[in-house]
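Engineer: One letter stands for each residue in the lines below.
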Amino acid sequence: MSFSAVNILGTMPEIYLTFFGCILLILETMIPKEKRSWLAYFTIIALVFAMVASIGLNGKGLPLYSGLYIVDPFSNFFKIIIYIAAIITILFSLPYLDQEDIHLGEYYAFILFSVVGMMVMVSAGDLITLFLGIELMSLCFYVLVGLKRDDNRSVEASFKYFLLGSFTAAIFLFGISFLYGAAGTETISGLAGFISNPGTLKPMVMVGMILTLVGFTFKVSAVPFHMWTPDVYEGAPTVVTGFMATAGKIAAFAVFLRVFWVAFSGNRHDWDILIILVSILSMAVGNIVAIMQTNLKRMLAYSSIGHAGYALMALLLPNRESLFALLFYVFTYMFMTVGAFGVILMMRKKGVEGEEIEDFVGLSKRHPIAALVMLIFMFSLAGIPPFGGFLAKFYIFFAVVHAGYTWLAVVGIIFAAIGAYYYLKVVMAMYMKEPNGSVVFHSSLMGRIALALTAGTTVILGVYPAPFVAYIKSSLALFIP
Amino acid sequence: MLPYLLIPLLPFAGFLLVGIFWPYFRGKGHWITVPLVTLSWVFSVRAFMMTLNGPPVHFVLYDWIHSGHFDVSISLMVDHLTATMLVMVSTVSALTHLYTVGYMKDDSGYDRFFAYISLFTFSMDMLLLSDNLLELFIFWEAVGFCSYILIAHWYERKPSWVAANEAFIMNRVGDFGFLLGIFLTYSVFGTLDYQSIFRLIPSHLNDTVQAFSAFHVTTPYSVITVIALLLFVGAVGKSAQLPLHTWLPNAIEGPTPISALIHAATMVTAGIFMIARLSPIYNASPAALHVVAWTGAVTAIVAATIALTQRDIKKIVAYSTMSQLGYMVMACGIGAYGAGIFHLLTHGFFKALLFLGAGSVIHSLSGEQDVFRMGGLSKYMKITFVTMLLGALALSGIPPFAGFYSKDLILSMAFHDGAFGHILWMIGIVTAALTAFYTFRLVFMVFSGKERFSHDGHHGHAPHESPLVMTIPLLVLSLGAIFGGVVGEHYDIVSFLSQNMTVPHFAVRAELSDSTLKLISVVAGGIGIALAYLFYGRPSNIPELLARGFRPFFKLSQNKWYFEEIYDHVFTRPTIFISFLMWKELDKGVIDMAVNGVASLCQNSGATLKRLQTGQLQNYALVMALGLFGMVSLFLFMK
Amino acid sequence: MFSQSHPEHYVPIFLFLLVAVGFGAVSLTVGKLIRPKNPYKDKNAPYECGVPPINDARERFSVRYYVIAMLFLVFDVEVVFLYPWAVDFDRLGLFGLVEMMIFIFILLVGYVYAWKKEALEWD
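The listed protein sequences correspond, in order, to chains U, Z and Y. Mapped onto our numbering, the consecutive letters of the first sequence carry residue numbers 1 to 481. Mapped onto our numbering, the consecutive letters of the second sequence carry residue numbers 1001 to 1639. Mapped onto our numbering, the consecutive letters of the third sequence carry residue numbers 2001 to 2123.
Worth flagging that the hints you see were computed from the coordinates, not collected in a lab. Wrong hints could be hidden among the right ones.
To be verified - Result set (DSBU-like, lysine-lysine): computed pairs, CA atoms no more than 30 Å apart in a straight line: (1) U:K35 / Y:K2032; (2) Z:K1158 / Z:K1028; (3) Y:K2116 / U:K35; (4) U:K33 / Y:K2116; (5) U:K425 / U:K350; (6) Y:K2117 / U:K33; (7) U:K148 / Y:K2041; (8) Z:K1450 / Z:K1555; (9) Z:K1158 / U:K433; (10) Z:K1382 / Z:K1105; (11) Z:K1158 / U:K425; (12) U:K365 / Z:K1158; (13) Z:K1105 / U:K365; (14) Z:K1028 / U:K365; (15) Z:K1555 / U:K433; (16) U:K148 / Y:K2116; (17) U:K433 / U:K33; (18) U:K33 / U:K350; (19) Z:K1450 / Z:K1518.
What the hints assert, rightly or not - Have a look at the derived ranges for each label pair, beta carbon to beta carbon: (20) U:F159 / Y:M2100: 54 to 64 Å; (21) U:K473 / Y:L2071: 43 to 53 Å; (22) Y:F2023 / U:S177: 46 to 56 Å.
As the list claims (entries may be wrong) - Calculated Cβ distances over 10 Å to all of chain Z for the following chain U residues: (23) L68; (24) S177; (25) F194; (26) M227; (27) P318; (28) K433.
Because the structure is a prediction, the values reported are computed rather than measured. By construction, the Cβ of each residue, glycine as well, lies at the ideal position given by its N, Cα and C atoms.
Hey, can you work out the whole structure from these sequences and the hints?
Structural biologist: Laid out in structure tokens, this is it:
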């Protein structure tokens, strides 16, 4: 291997963030406890730096490190979403971490390292690189989920996530080994060449594909590999939940798409049935079980399972329309989901979070702006115009219809209608009932900025999507046949 | 582009600022919204000047939805029709904003109210500026929504929210038809853009649809007619035509500025605007035009007869609005779109004036609305009296006030119209006489005669003139009521408005000349006023005698032709009865298994699936392993 | 089922296994035969040094042991990477040097972190 400036340049954002993460670890030991919020500002600056670097790299489709790493508009788009999600998460975490008494300096380093993990995932051009990215992200998440060391739920969630995650990692690696055994290569483009004509090795390829599919569906929390989601989302500190539910999931969708559309495009008709099945199951389980939830974080966990189901439908037909639909979907999904978790973490009652739906009763009377913001997120998640969630679902369903799966779109719309019920339940609680209890809405300046950003973008995405659409369209240039 | 864009955006900015930060304004909301709306007025006047001699302006702001073959752009169009309407809307809106400062003083929802009327102004401006049917529909719904929240402004009072609900539901009925019309338009023309639709009309003139084929009726209907009628259903709801009219008189439960702005001058005219905007569609379907014309004529006279006997000052004005809307719809129905819009404009001014004047009266009497408990107010509130008198003269069609020119134009157009022209004209003349009668009944009852109000009910002091912020709008609007007609006539506003419109040619009939027609309608108005004076202008017992002598007619009018009762018996009660039946009988048996079954199936399966979520790690791993096993075996079985 | 199998390719692995097992067995047997036997109490204890076992060994250990073990792992495994680099230093050249400096920098971060967090102190 030789030293090549292009490779270093192309991975500059990752290098930045790793470096900043290391610096954070050292800074953390030197800064007194009262001044921990400086670390947050430092982290935001680091992320902005990386974002500038990524934007600078946009438009250059570079296979780096002999194809192990791909920097193209597609991966840059996902990286930018991930940066934004991380920045919003950090804005939300400032007062929250202190209130929960978990303001550790390592938190910021772990966020940065997990961002690096996701960046490696979305840029991976090779299954081993991909695996490294997934593991880097997951290891950080295991720790972040268990950040509330004194809370049994948090520790339990962390442990469950760790065990099931390792279980899946093993399955995933097993799948990679099958593929490697059959094709003799792990690069995505190499696999694509082999899989279009696998000959007698087809069964091996299929087993490898199914095993990797398990890995991806676990990460995007689709049924039947979703079991960890509700427990982990509920147990984790809410900022972490918001971050996992958005950035982590979106990165997983990016690699899912890249691997299945490039490496496995040759045997599309073998896996489309699996995707359809997983998608329908996810929509069904996510939307139906969410109805029964009384804990809002748990409800949103099931809702995110349902949303994974909608987004999976866009994977069915590799074309520009589906890709656009998926990118628009994840973009919108990020803002509304992280924002909804942001509202939850600002609800405080006697030292703990107000995360039950009960706690939102009558919020419109006590804090109209918070209720309005939550209403925007709930309406958008339910897919009600004129919010971003409506257009996102609209594009997905349109793409699915154009792909020739009209019946699947109908199924999706039915589940979306069922899903509207539990979102509106929250709105009902906020607007139609008299307030009771002692929950207060406690927001800081940073939190308000983050809420304004997320809610504003959710509305703008529905009303004036043109600039976002133009940006997403410019990120489509990738591998579409 | 920006100057045009600012017309809707300035009120919207006002809404955002006051709407988001209303808890912090504490009664200072008007400092933001009034200047912004006034500025918006300046820009709409500028837009009017710009389009005066120019071609229509189109510009696409951005694509809202762009997916395959389905493209919707947010674009603006300004032609003479839009520009003129914009001036009227922003004038009335700005004056109403100003008036509200005085009228709503000390109201607990003061700033919220300003936010909502600014939102309404934005929505109405966008409705006028819209360049395609979907955009029109979005803002059509938006103004409906604003109307709903504004009627329900005093939501602690039951009549307010009942009226708000009624308005909303009635409009939903109309909007359902409207939406179907839009769907049909899209499926026939493949586009929702006005200009593209108009271009395609000639090629679809002979298309037919087999409606009701399920009932073995095989008559083919012209698809254009079906579209026109479906869209007209929306206009019937929004412009309070028979039979979807009952919400408008009840909407007076909202604050008076709302009645003036939304339920007299602007929103209710959206239906007429829509017909004029889509005139090529209506011109292509004579059958639809007949329906439109007759709906308007019947609404005009029915509403006028109801207004004769009402006691609530705002209700009288509301029924008169409905009647005048009937005139405008009738004008559109005979193809005289320009005349209809002309009347819409003059009516916007004098009706807003009458409503605001009524509000001023109510304000000074601390909420009294019954005209039988007023009287003799002219000496207490001179400005209100004079301005309302001007408004009443304009409404009655007395020259040289505004209503005379526009109403007469409609009537003479009707007279010259084809087969039913004479009948429509007769209805119009009778309505004009009735209008003059009930308008001056109101004026005499309120401002002359004995003081029938009780002094002690009004904080112990005499009624007083309203503050300046309330009287200035009255004065400005009365200028419109005086000169609106003359100016419009002088500059031939009708042909000006008809830019881009193909107006059917009227063969002028020789039987009666135009001046004779004018004379007839003025005489009709004069008779109405004279009768009103005889009955109510001086002490008299004629009204009681008449009421006793023509008891059935009196009752019919007083009870608003029993529309509400009929709806109550035909729709509301059966619905409640059926739902009661459903609840009592079906819910116990069938529904539990069917409809509720689906819900409980969801809930039960939710509960069952929830039980799967045991929290046990080994179970989770088991589910995952089973999933993997299932996937592999699925693959093995399939291949 | 899969590709054509070539069993002869696995002969070296088999031989390797054989040698490994044989070496263990032979050395253990020889040791047993020739060493002197002198068991006494302290010598039979699980640890000849450190904490004296006073009851069942299957109990929870102080978390500090784990911290030390993890630190040991981190800094021990470092050497695994340093050796091959040292062996091939000439050929890897400047690129290798920079690479290793980065690697050591990262380890150093860990070291500073552990130090500042007082993970190296027993109490």
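Engineer: It remains to establish, for every hint, whether it holds in the given structure.
Structural biologist: Verification of the supplied hints:
1. This hinted pair does not check out: K35 (chain U) and K2032 (chain Y) have alpha carbons roughly 63 Å apart, beyond 30 Å.
2. Distance hint between K1158 (chain Z) and K1028 (chain Z) is fulfilled; the C-alpha atoms sit about 28 Å from each other, no more than 30 Å.
3. Distance hint between K2116 (chain Y) and K35 (chain U) is fulfilled; the C-alpha atoms sit about 17 Å from each other, no more than 30 Å.
4. For the given pair, K33 (chain U) sits about 14 Å from K2116 (chain Y) by alpha-carbon distance, which is consistent with the 30 Å threshold.
5. Only pairs whose Cα atoms come within 30 Å are accepted, and K425 (chain U) paired with K350 (chain U) is accepted, the gap being roughly 24 Å.
6. Between K2117 (chain Y) and K33 (chain U) the alpha-carbon distance is near 13 Å, which keeps this suggested pair within the 30 Å criterion.
7. Distance hint between K148 (chain U) and K2041 (chain Y) is unfulfilled; the C-alpha atoms sit about 46 Å from each other, more than 30 Å.
8. A C-alpha spacing of about 26 Å is found between K1450 (chain Z) and K1555 (chain Z), which places the hinted pair at or below 30 Å, so the restraint holds.
9. For a cut-off of 30 Å, the pair hint linking K1158 (chain Z) to K433 (chain U) stands: about 18 Å separates their Cα positions.
10. Taking the CA atoms of K1382 (chain Z) and K1105 (chain Z), the gap is about 22 Å. The hint holds against a cut of 30 Å.
11. A C-alpha spacing of about 25 Å is found between K1158 (chain Z) and K425 (chain U), which places the hinted pair at or below 30 Å, so the restraint holds.
12. Taking the CA atoms of K365 (chain U) and K1158 (chain Z), the gap is near 20 Å; set against the 30 Å cutoff, the hint holds.
13. Between K1105 (chain Z) and K365 (chain U) the CA atoms are separated by roughly 23 Å; this keeps the pair inside 30 Å, and the hint holds.
14. Distance hint between K1028 (chain Z) and K365 (chain U) is fulfilled; the C-alpha atoms sit about 21 Å from each other, no more than 30 Å.
15. Taking the CA atoms of K1555 (chain Z) and K433 (chain U), the gap is about 43 Å. The hint is violated against a cut of 30 Å.
16. Proximity of K148 (chain U) to K2116 (chain Y) is assessed by CA-CA distance (about 22 Å); at most 30 Å being required, the pair is judged to hold.
17. Using a Cα cut-off of 30 Å, the hinted pair K433 (chain U) and K33 (chain U) is violated, with the two alpha carbons roughly 42 Å apart.
18. Pair hint K33 (chain U) plus K350 (chain U) holds up; C-alpha atoms about 24 Å apart against a cutoff of 30 Å.
19. Straight-line distance between C-alpha atoms of K1450 (chain Z) and K1518 (chain Z) comes to about 36 Å, which puts the hinted pair past the 30 Å bound.
20. A hinted range of 54 to 64 Å is violated for the C-beta pair F159 (chain U) and M2100 (chain Y), which are about 36 Å apart.
21. Distance hint check for K473 (chain U) and L2071 (chain Y): the Cβ-Cβ separation is about 51 Å, which falls inside the suggested range of 43 to 53 Å.
22. A hinted range of 46 to 56 Å for the beta carbons of F2023 (chain Y) and S177 (chain U) is inconsistent with their spacing of about 30 Å.
23. Interface exclusion of L68 (chain U) from chain Z stands, the closest Cβ pair being 28 Å apart, more than 10 Å.
24. Listed as outside the interface, S177 (chain U) is consistent with that label: its C-beta sits roughly 16 Å from the nearest C-beta of chain Z, beyond the 10 Å cut-off.
25. Once the 10 Å rule is applied to beta carbons, F194 (chain U) is consistent with being away from chain Z; the minimum gap is 18 Å.
26. Not every CB of chain Z lies more than 10 Å from the CB of M227 (chain U), the least distance being 4 Å, so the non-interface label is violated.
27. Distance check on P318 (chain U): its Cβ is at least 16 Å (rounded) from any Cβ of chain Z, clearing the 10 Å threshold; non-interface status holds.
28. No Cβ of chain Z approaches the Cβ of K433 (chain U) within 10 Å, the least distance being about 15 Å, so the stated non-interface status holds.
Checked against the numbered hints above, the structure violates hints 1, 7, 15, 17, 19, 20, 22 and 26; every other hint is satisfied.
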